[in-house]
Amino acid sequence: MVATVETNAQRILDKVLSAGALGDLVIQEESSLSLKAHDGELEEHKVTSTRVYGVRVVKDDRAGIAYSESADPGALDSMVEQALVNATFSRVDPAESVATGDTTLVTHDAILCPDDPTTVEAKIDAALYLERELTARDKVRNVPYNGVQDATVERHVFATTGRTAHSRNRVCSAFAYALLSDGDKDALEGVQSHTRRFDDIDTAWIVDETYRRCVAMLDGEALPSRHYDILFDIEHQADLFAVFHDMFSAKTARDGINPLRDKVGERIAVDALTIRDAPLNADGLGYALFDDEGLPATTTTLVDDGTLRTLVHNSATATHFDVPNTRNANRSPRASLGVGLHQLEVAPGDANENALASGEYLEIVDLAGLHSGGNPVSGDFSFGAAGFLCRDGERIRPVRNITVAGNFYEMLNRIAAIGDTQHWNPERSALMARIRFADVAISG
Amino acid sequence: MLDTRVAQSTIDHAIALGADFAEVFVERNQVNNIATLSNQVQDIASGIDFGVGVRLVYGAKVLYGYTNRTDAEELRRIVAELAAKDRRDPAVSAQAFDFRTASDAHGAQRTLTQDSEVRDKVGYLFAADRAARAASNLISQTQGACGQREQAVEIFNSDGLHIRDTRHYIRARLQAVASNGSDQATGMQTDGGLLGWEIVETLDPKACGAEAARQALVNLSAKPCPSGRMPVVIGNGFGGVIFHEACGHLLETTSVAKKASVFHDKLGEMIANPVVNAVDDGTLVREWGSINIDDEGMPTERTQLIKDGKLVSFLADRVGAEQTGLPRTGSGRRQSYRFAPASRMRNTFIEPGTASFDDMIASIDRGVYASHMGGGSVQPGTGEFNFAVTEGYYVEDGKIRYPVKAATLISTGPDVLKQISMVGSDFALATGMCGSVSGMVPTTVGQATLKVDDILVGGNA
Numbered sequence: 001m002v003a004t005v006e007t008n009a010q011r012i013l014d015k016v017l018s019a020g021a022l023g024d025l026v027i028q029e030e031s032s033l034s035l036k037a038h039d040g041e042l043e044e045h046k047v048t049s050t051r052v053y054g055v056r057v058v059k060d061d062r063a064g065i066a067y068s069e070s071a072d073p074g075a076l077d078s079m080v081e082q083a084l085v086n087a088t089f090s091r092v093d094p095a096e097s098v099a100t101g102d103t104t105l106v107t108h109d110a111i112l113c114p115d116d117p118t119t120v121e122a123k124i125d126a127a128l129y130l131e132r133e134l135t136a137r138d139k140v141r142n143v144p145y146n147g148v149q150d151a152t153v154e155r156h157v158f159a160t161t162g163r164t165a166h167s168r169n170r171v172c173s174a175f176a177y178a179l180l181s182d183g184d185k186d187a188l189e190g191v192q193s194h195t196r197r198f199d200d201i202d203t204a205w206i207v208d209e210t211y212r213r214c215v216a217m218l219d220g221e222a223l224p225s226r227h228y229d230i231l232f233d234i235e236h237q238a239d240l241f242a243v244f245h246d247m248f249s250a251k252t253a254r255d256g257i258n259p260l261r262d263k264v265g266e267r268i269a270v271d272a273l274t275i276r277d278a279p280l281n282a283d284g285l286g287y288a289l290f291d292d293e294g295l296p297a298t299t300t301t302l303v304d305d306g307t308l309r310t311l312v313h314n315s316a317t318a319t320h321f322d323v324p325n326t327r328n329a330n331r332s333p334r335a336s337l338g339v340g341l342h343q344l345e346v347a348p349g350d351a352n353e354n355a356l357a358s359g360e361y362l363e364i365v366d367l368a369g370l371h372s373g374g375n376p377v378s379g380d381f382s383f384g385a386a387g388f389l390c391r392d393g394e395r396i397r398p399v400r401n402i403t404v405a406g407n408f409y410e411m412l413n414r415i416a417a418i419g420d421t422q423h424w425n426p427e428r429s430a431l432m433a434r435i436r437f438a439d440v441a442i443s444g
Numbered sequence: 001m002l003d004t005r006v007a008q009s010t011i012d013h014a015i016a017l018g019a020d021f022a023e024v025f026v027e028r029n030q031v032n033n034i035a036t037l038s039n040q041v042q043d044i045a046s047g048i049d050f051g052v053g054v055r056l057v058y059g060a061k062v063l064y065g066y067t068n069r070t071d072a073e074e075l076r077r078i079v080a081e082l083a084a085k086d087r088r089d090p091a092v093s094a095q096a097f098d099f100r101t102a103s104d105a106h107g108a109q110r111t112l113t114q115d116s117e118v119r120d121k122v123g124y125l126f127a128a129d130r131a132a133r134a135a136s137n138l139i140s141q142t143q144g145a146c147g148q149r150e151q152a153v154e155i156f157n158s159d160g161l162h163i164r165d166t167r168h169y170i171r172a173r174l175q176a177v178a179s180n181g182s183d184q185a186t187g188m189q190t191d192g193g194l195l196g197w198e199i200v201e202t203l204d205p206k207a208c209g210a211e212a213a214r215q216a217l218v219n220l221s222a223k224p225c226p227s228g229r230m231p232v233v234i235g236n237g238f239g240g241v242i243f244h245e246a247c248g249h250l251l252e253t254t255s256v257a258k259k260a261s262v263f264h265d266k267l268g269e270m271i272a273n274p275v276v277n278a279v280d281d282g283t284l285v286r287e288w289g290s291i292n293i294d295d296e297g298m299p300t301e302r303t304q305l306i307k308d309g310k311l312v313s314f315l316a317d318r319v320g321a322e323q324t325g326l327p328r329t330g331s332g333r334r335q336s337y338r339f340a341p342a343s344r345m346r347n348t349f350i351e352p353g354t355a356s357f358d359d360m361i362a363s364i365d366r367g368v369y370a371s372h373m374g375g376g377s378v379q380p381g382t383g384e385f386n387f388a389v390t391e392g393y394y395v396e397d398g399k400i401r402y403p404v405k406a407a408t409l410i411s412t413g414p415d416v417l418k419q420i421s422m423v424g425s426d427f428a429l430a431t432g433m434c435g436s437v438s439g440m441v442p443t444t445v446g447q448a449t450l451k452v453d454d455i456l457v458g459g460n461a
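Chains H and P, in that order, are what the protein sequence lines are.
Using the numbering used here, the letters of the first sequence correspond one by one to residues 1 to 444.
Using the numbering used here, the letters of the second sequence correspond one by one to residues 1 to 461.
Read the hints as simulated data drawn from the structure, not as lab findings.
Think of the CB as a built atom: it goes at the ideal place given N, C-alpha and C, for glycine as much as any other residue.
Hints may contain errors.
Which stretches of chain P does chain H cover? Using the computed rule of at least three CB atoms under 8 angstroms from a CB of chain H, they are [claimed, not checked]:
1) 72 to 82
2) 183 to 189
3) 252 to 265
4) 398 to 410
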């Protein structure tokens with residue numbers, strides 16, 4: 001008999017049960033095609049196919065995990081045995097368990113994994129087009145970063161309680177970053193686009209928008225150091241929030257490193273700010289039918305009119321804090337049980353575009369050092385930045401070689417206005433109204 | 001790890017379809033990661049990654065695929081799919097394999113396949129936790145981590161190469177959190193190398209915990225950092241990230257070959273202050289960024305990059321060497337079988353000089369002493385880079401005044417190299433992880449304390 005994901009899962013969970021333990025299993029399968037172009041030729045053509053099994057066992061109130069990329073029976077048996085050994089070293093934690101229930105959840109391919117007729121040849125043509133069209137533009141020296149990708153990720157969750165869940169997600173993407181030079185001035189800018197169907201990617205827009213951004217930034221210079229009002233573009237506003245996502249994590253709260261751990265029910269931001277986790281918005285690529293314990297995902301209001309309503313929980317943190325589970329379990333096959341946001345949403349405020357962009361402000365369109373310049377524990381950050389000095393909605397001049405610094409948690413109380421329209425970030429993983437932050441330190 | 005006949009069949013198939021070069025990269029990566037929270041074990045994760053990467057080169061074009069399967073049918077399928085648009089009559093002949101085992105310069109002893117030594121590692125992290133807590137009652141939490149992995153690689157190519165190597169990585173880290181009720185701050189101490197758990201014989205958990213706590217307490221008392229252009233003294237060890245970001249990435253043929261580096265046409269020219277000598281060395285015994293062979297099977301080497309301020313070499317992998325005409329430097333690296341190799345740094349550092357720390361500080365009217373650095377990033381095309389200060393001090397009238405927080409340094413590679421005016425003698429190396437086109441690879445950065453005369457400091461004051 002040929003082993004399938006389902007028969008392997010059954011084998012693994014039977015072995016867990018026979019050891020007197022409970023457990024759940026995450027299986028992730030990925031396949032992708034990615035293409036990059038250089039000098040009019042395809043520079044990289046990559047096809048991939050992988051599968052990884054990750055088991056979590058709970059025995060005597062101790063949890064252990066292990067994973068394997070090999071699916072042969074011996075490797076899977078060894079994986080379970082290793083997880084059981086690992087559990088013997090873990091702390092005793094009565095809260096850590098396997099979520100109860102025996103529901104079955106399955107996503108719909110028509111929504112999350114649609115077919116389209118685009119051939120591999122057409123995708124290659126798209127990659128070549130991006131590079132060729134940008135290279136042909138005036139003053140473009142080259143297009144060092146470009147490409148298209150078509151990836152499908154299947155995720156299975158199986159639990160010894162009988163619960164199963166299966167999702168299949170397709171994401172197609174394209175990006176181009178061009179290097180523009182004029183004398184001793186240069187600018188490297190670009191855009192990316194992510195969709196469910198490859199034929200929804202607008203490569204002409206990527207070319208035009210990348211070139212427009214390069215030209216706009218070419219004459220950028222620093223500006224005097226002082227405090228400015230700031231408007232991030234949606235991409236970088238979402239990136240900034242992502243650096244500090246752990247502020248909503250019940251796991252970091254439990255670990256004693258979340259500064260908001262004792263703030264539930266308290267005001268943490270201006271009254272106008274409402275933030276939700278909205279996994280069921282299928283317009284976004286962060287859509288999730290279930291969390292990584294296989295529990296049905298649900299919309300959760302995190303901040304309501306400036307007040308922190310809840311942190312996000314998995315079954316263990318919910319038990320620990322004796323609060324409802326928000327079903328935000330997050331676990332890759334290689335990692336232990338954590339929590340994470342599915343799809344962040346900043347609700348619209350009452351400022352129209354004119355009000356949001358009134359007077360002088362700095363529009364930030366690029367941030368550098370996001371992985372190293374922010375500290376979620378303290379809230380302090382300092383990033384390299386670029387953008388435009390603006391007045392009443394008009395860009396006055398481009399600005400480069402500056403830094404933006406502050407404390408994110410304090411900034412939530414210095415919000416001057418929130419826009420009345422929501423926008424998706426390019427990854428379509430966050431839906432946000434734009435926020436105008438007041439009095440932010442800029443160095444130039 | 002892979003049947004030689006399967007590898008030969010795969011490469012023969014690729015060459016028959018007209019590839020100029022074909023390579024099969026096999027990897028088995030065993031991992032054991034321990035995480036502690038104060039004096040409790042939070043997680044232990046272990047597992048095995050295994051896969052095969054297939055690379056075909058047609059002229060300047062690289063075709064790459066990977067799979068978890070090892071059967072000839074699957075690998076030939078990947079080859080056929082990759083070559084679908086490029087197949088042509090054979091241009092070269094595949095050579096018969098000449099098997100070798102890489103010469104091991106590092107000699108790991110307490111390896112992961114022998115024993116994961118969980119109890120011993122947990123004991124080390126708990127001892128570090130106790131030391132951190134003993135430093136002050138303001139230390140509210142610690143997070144410890146000890147990761148060990150054993151990466152076995154086997155490489156076949158159409159030039160007849162068949163070589164195996166095994167790399168043993170170990171890294172231990174403690175983060176301390178200091179809290180005064182209203183504010184929190186962190187400090188971190190990390191040690192690691194290309195060896196087994198015998199590294200513990202050179203480590204002192206009390207020193208690890210005390211150092212993490214010291215940094216956290218300093219940062220808890222730090223004031224907002226002044227901003228603007230000013231001189232900065234950058235501490236030794238991980239301070240070397242400035243060279244890694246400002247210059248190292250710009251010397252990789254990954255950027256140079258595309259003319260996407262500001263240094264692509266500067267070979268033989270003065271690009272730095274004459275006090276600057278810089279090296280990328282893969283041969284340092286038991287250092288975190290060292291390798292016996294690179295991920296294309298070439299023995300690694302020491303590469304002088306800058307000599308007395310002059311650019312004397314780039315870092316070249318096979319494809320980069322062919323595109324630029326430069327010699328390969330044993331720098332073709334990749335995170336795993338999931339990535340095609342690219343030219344990457346190994347242990348990269350500025351060689352020590354003779355300046356004294358006191359003289360550097362005394363020469364500053366208004367500036368910053370960045371004693372510990374975090375990570376950073378760079379745009380090779382423009383040379384613009386940034387990196388974070390994780391422990392810093394305001395300097396005025398030649399004296400260190402008070403600690404500062406939330407600072408970033410930004411500049412461009414060409415500018416900052418010319419602004420390095422003094423290099424000290426307190427040389428040290430530090431471990432890091434570097435991300436680029438071929439994934440995350442272990443790299444070491446290093447330098448003695450040095451002074452940059454003028455750089456933009458981004459602060460919050």
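Return the numbers of the hints above that this structure violates; sort them in rising order. Violated hints: none; all satisfied.
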